[in-house]
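Chains as they are written, first to last, in the numbering used here: chain A, 1 to 354; chain B, 1001 to 1519.
Note that these hints are calculated values from the structure, not bench results. Because the structure is a prediction, the values reported are computed rather than measured. For glycine and all other residues, C-beta sits at the position ideal for the given N, C-alpha and C. Be aware that one or more of the hints could be misleading.
Far from chain B, some chain A residues (derived; all Cβ distances over 12 Å) [to be verified]:
1. 16
2. 38
3. 47
4. 50
5. 111
6. 112
7. 230
8. 277
9. 322
10. 330
Derived CB-CB ranges, DEER-like [claimed, not checked]:
11. 1030/B x 20/A: 29 to 35 Å
12. 1124/B x 344/A: 43 to 49 Å
13. 1328/B x 143/A: 34 to 40 Å
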Amino acid sequence: MRLRLEKRLDDRWWIKPLVALVSLMLALIAGALVMECASIPYYKAYILMLEGAFGSVYGLSETVVKAIPLMMLSLGIGIAFRMLLWNIGAEGQYCMGAVFSCAVALAFPDFPMAVMIPLMIIAGFLGGALWGAIAGALKAFFDTNEIITTLMMNYVAIYFLEFLVYGPWKDPTGYKFPMTAMLSPSSHFQQFGNTRIHLGIVIALVLMTLFHIILTRTRWGYEIRVAGENREAARYAGINITRNIILVMIISGGIAGLAGTCELAGIQHRLQHGFDLGYGYTAIIIAWLARLNPISTAIVSFFFAGLIVSGDHLQMSLGVGSGIAEMIQGIILFFVLAGELFLNYRLTFRKDRR
Amino acid sequence: MTSHSEEAMELNEACLLEMKGIIKRFPGIVANDDVSFSLKEGEIHALLGENGAGKSTLMSILAGLYLPDEGQILLDGAPVFFQSPRDALKKGIGMIYQHFMLVEAHTVAENIILGEEKSCILNKSSIEEEIRCLSDDYQLSVKADAKIWQLSVGEQQRVEILKALYRKARILIMDEPTAVLTPMEIRELFRTLRLLTEAGNAIVFISHKLDEVMEIAHRVTVMKSGRVAGTVATSETSAEHLAHMMVGRDITLSRKTGEEPGEQAAISVQSLCVKGEKGIPALSEVSFEIRKGEILGLAGVAGNGQKELAAAMNGLVKIQSGTISLLGQDVTDRNSRELYEKGIAFIPEDRLGTGLVPNLDVEDNMILRGYWRAPFSKGPFLQKNAIADFSSRLIEEYSIKVPSRSSPVKSLSGGNLQKILFSRELASEPMVLVAVHPTRGLDIGAVEFVRQKLLSEKKRGAAVFLISEDLEELLDLSDRVAVIFKGRFMGIRDARTATIDEIGLLMSGVCSERGEPCV
Chain A
1 MRLRLEKRLD DRWWIKPLVA LVSLMLALIA GALVMECASI PYYKAYILML EGAFGSVYGL
61 SETVVKAIPL MMLSLGIGIA FRMLLWNIGA EGQYCMGAVF SCAVALAFPD FPMAVMIPLM
121 IIAGFLGGAL WGAIAGALKA FFDTNEIITT LMMNYVAIYF LEFLVYGPWK DPTGYKFPMT
181 AMLSPSSHFQ QFGNTRIHLG IVIALVLMTL FHIILTRTRW GYEIRVAGEN REAARYAGIN
241 ITRNIILVMI ISGGIAGLAG TCELAGIQHR LQHGFDLGYG YTAIIIAWLA RLNPISTAIV
301 SFFFAGLIVS GDHLQMSLGV GSGIAEMIQG IILFFVLAGE LFLNYRLTFR KDRR
Chain B
1001 MTSHSEEAME LNEACLLEMK GIIKRFPGIV ANDDVSFSLK EGEIHALLGE NGAGKSTLMS
1061 ILAGLYLPDE GQILLDGAPV FFQSPRDALK KGIGMIYQHF MLVEAHTVAE NIILGEEKSC
1121 ILNKSSIEEE IRCLSDDYQL SVKADAKIWQ LSVGEQQRVE ILKALYRKAR ILIMDEPTAV
1181 LTPMEIRELF RTLRLLTEAG NAIVFISHKL DEVMEIAHRV TVMKSGRVAG TVATSETSAE
1241 HLAHMMVGRD ITLSRKTGEE PGEQAAISVQ SLCVKGEKGI PALSEVSFEI RKGEILGLAG
1301 VAGNGQKELA AAMNGLVKIQ SGTISLLGQD VTDRNSRELY EKGIAFIPED RLGTGLVPNL
1361 DVEDNMILRG YWRAPFSKGP FLQKNAIADF SSRLIEEYSI KVPSRSSPVK SLSGGNLQKI
1421 LFSRELASEP MVLVAVHPTR GLDIGAVEFV RQKLLSEKKR GAAVFLISED LEELLDLSDR
1481 VAVIFKGRFM GIRDARTATI DEIGLLMSGV CSERGEPCV
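So that you can see chain B by itself, here it is in the shape it has in the complex (with noise of 0.2 Å):
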């Protein structure tokens, strides 16, 4: 950290860029309220904030796909307007998202070339050299006949920086670009970054995960509810600070406890096959145990089979085959409700994609389980009072904060959503709980909600089964930790005594010592 702080002082002090004033209204709330923004010259320049605070909406004013309503931004001084993501790239701004927008069939010099042909006529060896250069120069190892299908989340991160380099842009923004990757990942990426500011391009990094904010930024400008809170040198600041200027106040976050977990097997999947989208397996012979009172992690890069297992556990894909059984009892091939009624409730990572409708009210979500029986219907008829008085307790045990029960879910913030989720999914008292990625996107209070129901959960008594990106998390709640790898677990580790170095070994493929890859 200190040889950053050097670099700080040594940054040339003239702005690059400076956004003044910016306010952009969106219905029913304020999306940026009077920001300002400023980017010097070789900085790496850390967006951090909450979700919903803002950073994004700043953001995408800054790469010109949205307009502000008022306030002003200068490039060089001089007052810039971007009409569309084009106009601003013409300046030089360019936007990696989080998903990325490559196209999957075609070359990375394709992609790296699409709607920036010089001229009509392709002079591919021309291009791919230039390509080349590129990434020498950067170290950014892609071979540019590659085609994206075929490459990691890293390399197409890294095909999406030299989309933005060919296109000269000075300013690199990049959305919550870690989410994605392995802990080696993320170093090479780290190292990336630091060969483009000292090349003087700047970087925005928008993320709201502290350490590494403290690690690679210059500079931190914290959002707070559509509002800067503040923008510091990390090399003036600590973690804890910038913990307590996103949240407005000191949060430590739950952890568990060392209660050992039971003895009996709550739920067992015994050499579980699932085939995926494309015909291919997604799950191949994965077989594991989850006692009651256990939280299990599962920890891996997305897209390696934790959607899949999922929902197979849910009754949503169909099972190849293998076994499920709850307490001895065999619940393979059931469809959701069985399984629900049987005692496993879901957490689905996509909240308003599966387990919210967007457009119903708060009280038709939360009937979303039970609405087919007593007490929510009674014949043909739905029961307006039970649901009513269903959804008022609901609300008031779990604070959660809703215009009104009438009102569409779609506009409630992801920490509301969440609880309206988990209240909804444990009002029936399941025997097992299988939450996706309950904690992505979510601001730190809603994360300390999420980490201590799952908590009071495991004391209850029932079998939690997490599958989580955040590896800290994973080994905050976990009793033990599982990893899986192209749809095979790699291993099961015990969470008291795995390291992150370890688990993010076996999440790249790797499970020997001397670093073999065993698939």
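Just chain A, same shape as in the assembly (with noise of 0.2 Å):
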């Protein structure tokens, strides 16, 4: 018997759900093993989870406020992968754009919120789009290699933050805390109900319509698509890649600077210390895993939230260790990917007539 792996020959619509269903299943297998090993009750976690993130009203909403700023972050990278531009400086635009909404939110506290809303916003849209229009540049006219560039940045910017936050930022009240003052309630996202829901998922889910409504219908739209499949067809047909590539990086990158806009405005409402928590690197995989579609995106994203929000919520109720929540969420993620596979190949098993 001999085990090979073949191109599939026809796609049938039940083979993606039943791909995702045995990967998850697997991984839950998988993740029951290590945890009898740990001698952690693995039925219960398994149901903690689920409740944790999906199972009550402040779960949803909690996987909802983790979905927002995944969500933008995988769209603006999405429409850079789309022209073949591989900007993994989402985390770097994402603090950028949080500085530059900080700073806006810092200089002028007395501004009314319908003045400092959109401002916060516009200037966060302009720190991301700064930091991916540099990496853009130094593309489009030097060829210079976007991932090392984009990825270089990141550290720049998590660095100039941190900066801002040991030094001339810090708040003088703040017993020595590396983080900036509590920025006035004139610049905080309105939320929604009880829950921490804010403004951000509005943004989110325009941004999604548009991005869609952009690559189907629109002549840049078409242009990005026609650049990101090949760039030898898009320079017959006209197209000026050369600007093109920095269009998109500024969007992509701005994309990226509204998502920490979101977080500063929705959630923390003051820099610090760790404001980053590595969204940016997550989104990559979301992005992919939608395969760079924007409506999927957001799917991608809330189930990737939940996973996130269920890992915190094993971790306090049942006290287990941040080793075995982030654990599981990677065993669930490697299936999960793993399963990509079989979604263009299948086994087949043949016999050997040697």
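Using the hints, put the two standalone chains together into the complex.
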């Protein structure tokens, strides 16, 4: 007997859900094995995880809260990836967005909300866009590898943020904690009901719709699709690739910056050490799993957020270390990503007649 | 031809190789459907068929590149299984691909022993000696210590043959070996192939050129849509009969009817110089004119500047010096879109690489040229209805076979891809049409479509620039034929009086009657 992978000849509608389900089942079994070894009641753990993320209004709302930055970051990354621009600098662009917005809120604490919020949104977009544009311009004019530049600029942005909260922006009344003072209430996003879900969800959903329309219905979206698939054909069609590289990096960075603004104005209300949570990297995985499709990005972001929230919940209610929760997240992710293979390939067994 | 028929009779009747009931499926198609094929010792067996008929798939199975889904391969009567090309090579089956698998910066000897080193320490002189013996035996004159990049295409092909022989191949599979050769090199190749078979080797000769098959092969297996249409001895068949088997109907290709071109030059290129990829001049001082209603052919061995010339005429490479003008108006250094709007349409060599976007659908590809203007765009938005109407109209007008307007073009056949390209490029009734290898890799039906289109464009009054490696096609269609060699025009001849031999000489850089090289 010999096991081989072969390209799938057909794509039937039930393959996707089946692969997803089987991947999840296998991940749960693998996670259960590990938990069994650590003498953690895995059955209870799974119930807790499910409840934590989706089982209550509070859990669900927290999942949505986490989904907001993930969705915006992966939308931004997705549009760059469409153009074959490997922007892995969402993390830095996110930080710069937050820094720029924070600067507005700190500089003009007395502005009324109607002026403050739009200004912060514009500033956040500009901060991220600036960070993206630098890498974009280097790529467009000097063909500098954007994977390297965007990655390096993450560190610049993160340490710049750290510098601000440890230095000039440190709250004088904050007992020397590395954080800014609480921003004035006029800079706080509207939150809905008793939840922490904030204005950011509206922005994220509008962006999703906008991106969907841009990609499918507009001339510019057409240029992105052509240039992303085939640079030669784009040149042949007279598409200005240099201009589009910079433009796409501006938009991609700007959206990541907006995600930073939303996290700042919607949840944290101050900048502090550890403001970035590595979402910019998680978003890369989300963008890929969603195949760069804006609508799928929203859905995948929601489930990823659920995974994060359920891990936190597990940690709190079972009193297990963060390691176990992160391990389960990792296992689930691993199996889901591995399952991708079976969307395009099938296993065949053949008898060897040798 | 008669001498071959006698040889065919004398062939050892025992089968060296048999492929039985081979089935190979790929997504959406059955590439080989119950195919059987046999090869005798000392035989040249041609595998003939249109593109996509399954020739390459069948031979890739034999060479160990693909596993068949069903069926059996018998070598000397015993079943064999190949998991990889290495397995096949061990059993004496070597494949020579159309695109050579050679390391350019290495010497001939290094390329030949690559992967076959017999010990850790290379004994250079003994290897070179061995290679010399082999090349003497089969009159494959190649210097063992020459670097690959210094060799001509024909010489590189000989290195590939030596590589297979060095690995003790008894069965050589050659995938369209003549496609890249000049007529003279083809004659040399054929001499080598005969010597090889006299020594007991067997050769599978994949081709879609009927005359070559009739000249060199003992037997022919014709494939058609994944099945064997028949196997015949060349002594008992004719080119016409083979063509009929290939296509399933009789086809005579269109040729020019002798209408005189107009007087006015539609496009004029003066002293054009373009740098190639490595900074070496790819075109030097190229000048020519094409009149309205004229087809100017361009002959030349691949890689002599044709690609750069076509790219320069379509605004895709930077022009070093020289001018291009359309009806007297200077259009040098305009980009591809501006040139298209001014009336230069382009059928690029690489259909899916340049002319079309494989993963986008038919509609998106139809508007590649005009997406940015009315009626396809209004403000920032694409006009879906206008695009759909335009696509439907062209699909109908050119009878393009597509599953739907929203299916990605990568799944379409070469003929349909070419139809999409032609329909889109000609939709604007261009003044000049530049077509690079427009019939390459197409089945006969599609070839005929392309030839008719080129001729009807001429009739409409367009100036057609036809770059091709198929000399007969050039002479059949063109009013005049230019020849390019190392980036220079060797001359322009009247197609009515030029002969294939004359053009062939010019292609190899010889331009005087006495055979002196002129560059």
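Original post:
Taking the minimum C-beta separation from residue 112/A to chain B, is that value above 12 Å?
Top reply: holds (33 Å)
**OP:** Report holds if the minimum CB distance from residue 230/A to chain B is greater than 12 Å, and violated otherwise.
**Re:** Not fine: 5 Å to the nearest Cβ puts residue 230/A too close to chain B.
Subject >> Beyond 12 Å from each Cβ of chain B, as asserted for residue 111/A >> reply: holds (33 Å)
Subject >> Status of the given 29 to 35 Å range, CB of residue 20/A versus CB of residue 1030/B >> reply: Between residue 1030/B and residue 20/A, where Cβ atoms are some 31 Å apart, the hint holds.
Original post:
Far enough from chain B: is every CB of that chain over 12 Å from the CB of residue 277/A?
Top reply: holds (34 Å)
Original post:
CB of residue 1328/B to CB of residue 143/A, is that within 34 to 40 Å?
Top reply: This hint holds: roughly 38 Å between Cβ atoms.
Original post:
Is it the case that residue 38/A keeps its Cβ farther than 12 Å from each residue Cβ in chain B?
Top reply: Residue 38/A clear of chain B: closest Cβ-Cβ about 43 Å, beyond 12 Å.
Original post:
Does the Cβ pair residue 1124/B, residue 344/A satisfy 43 to 49 Å?
Top reply: 46 Å Cβ-Cβ, so the 43 to 49 Å window holds.
Original post:
Does residue 47/A sit more than 12 Å from chain B, CB to CB?
Top reply: holds (42 Å)
Original post:
Once the closest CB in chain B is found, is it more than 12 Å from residue 50/A?
Top reply: holds (38 Å)
Original post:
Taking C-beta pairs only, is residue 322/A more than 12 Å away from all of chain B?
Top reply: holds (42 Å)
Original post:
Would residue 330/A pass as off the interface with chain B, using Cβ distances and a cut of 12 Å?
Top reply: holds (32 Å)
Violated hints amount to a single one, hint 7; each of the other numbered hints is respected by the structure.
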